[in-house]
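Peer 1: So the chains spell out like this:
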Amino acid sequence: MSAPLLRMTDVHVRLSGSHILQGVDLTVRRGGVTALLGRNGAGKTTTVKAVLGLVPSTGVVEFTGDDGRTQRLSGRRTHEIVRRGIGYAPEDREVFGGLTVAENLTLAERRDAPAHHDRVYELFPELKQRSRQLAGTLSGGQQQMVAIARLLLNDNQLLLIDEPTKGLAPLLVAEVADVLARAAEEVTILLVEQNLTVVRRMATDAVVVDQGRVAWSGSAPDLLADADRTRELLGVATSGGHA
Amino acid sequence: MDTVVLLAITGLGLAALYFLVASGLSLIFGLMGVLNFAHGAFLTIGAYGTWWASDHLPGAGSTGWGFVSAVAFGVAVGTLVAALIELALIRPLYERHIEQVLVTVGLSLALVALVRAVWGADPHPFPRPEWTQRTTSVLGANVPNDRFLLIGSALVVLVAVLAFLRFTRFGLIIRAGVENRAMVTALGIDVRKAFTLVFAIGGAFAALAGALGGIYLGSISPGQGTSLLIFAFIVVVIGGMSSITGAAVAAVLVGLVQQFANYYAASGVGDLSVVLLLAVVLLTRPSGLTARVA
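Protein chains in written order, with our numbering: chain W, 2 to 244; chain V, -18 to 275.
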């Protein structure tokens, strides 16, 4: 059995005196979509940031790339981690509002590999039309397209996507889910998502975080099929809705 | 009319000096969040480097291309010192802003003390190419040519830095980094290289201001950089903490207000007027005249 793509072992994060992650252990297997679920403030976003070194953490984070080599990510700088083939779309999109759409994409190009502008513009034709528009003047949905386009521009092995449908209109949620489902055919995704409809559609595995620890992990369809467990872990019913 | 023209062009010349110092300060603060109190020392290094080179460096002198070589030497030394300071002292202190401020304040004192120890505290006459000592008649006013040199140099720097920010990858990284440094690193970019580059560019501009300030004032002294730095900080705040174009506009405002107030009110009122201008801008536009970097 091959090593998981990503493994976190006993990861702790303390921020401003608060013990946010209290020994997270999780694995992301190669291929498919692993949904990272949990109530607000459970530690989902901090878990993703700990993978990237965006918050100070202790514990071990390991990444086994396509070449089969396992590399320790913990202790490395964020840009070094990302260059191993890990793309990141943060919770609030964080596009560069003072740059044009085209400049946002140019900035995301990695120097050591070809960038797939054609692929991105095929998925999001609207971005091509708006390539000279400042990203700060785009709608929330369009900014999310830019954030996802930055991910798909490069050949990544793992995408860390934090609440891509947050604050979007239902039509845009479906559009974003479509694009991510297409992306998931080629690349592994660790998806933080509150919208269980999106999770049900995309996720193969699920990890539930509660109070800074992993409370449950396993098959996403199994979790969502068990209404009592879903209600207990996420505090919601499984018939659509938000966690 | 001729007095107004002379005051205006002299004010613009002074604005050029302020802009050269403030543009570097602005980029450094915008990208790195570092309030660089050692920036005035880069100006002093540039001035003394140029002054020393004009006498000692083979091929350099106080006129023509020899003077250009002397200025290039002064700017190169200022650039090198700035880059070394960033690598050795600022880089280990990223995200530790209080320590950074303490280090840059200490450096500003130490570097000025070093210059004073080596060349003394007294002012030295600065080499001034003959053309800069002549005047040109503009609308009846006899304007010293050094003002045009200052204004021209600042315009070249302004255009060059805007083109750099607009058309180069490093410029793109700097503009993005000013907005959201963490996200730039999350795209796989080593933002530390941009930090060093920005610090070096700031050092180069300040050193150039030192050389041009020497021409403008006719002499150099160890504390010159520090006094110009105060007005440069005011320019940065008025312009918007990380805006190059804002710094250019603010420098012009400060230079003109200072000159006209000093002449039409009383000597010294110019400085007071600049502080009042700062207060008015902070009260009406707390984030400065413009918030965009370029």
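Bear in mind the hints are in silico, worked out from the structure with no lab data behind them. Hints may contain errors.
What the hints assert, rightly or not - Cut-off 25 Å, straight-line C-alpha distance, at most; resulting in silico cross-link-like pairs (SDA-like, lysine to any residue):
#1 K167/W / N161/V
#2 K174/V / P126/W
#3 K174/V / K167/W
#4 K174/V / E110/W
#5 K174/V / T101/W
#6 K174/V / N155/W
#7 K167/W / R232/W
#8 K129/W / K174/V
#9 K174/V / R232/W
#10 K129/W / E186/W
#11 K174/V / E186/W
#12 K129/W / R150/V
#13 K129/W / V137/V
#14 K174/V / V56/W
Peer 1: Which of the listed hints are not met by the structure?
Peer 2: 2, 3, 8, 9, 11, 13
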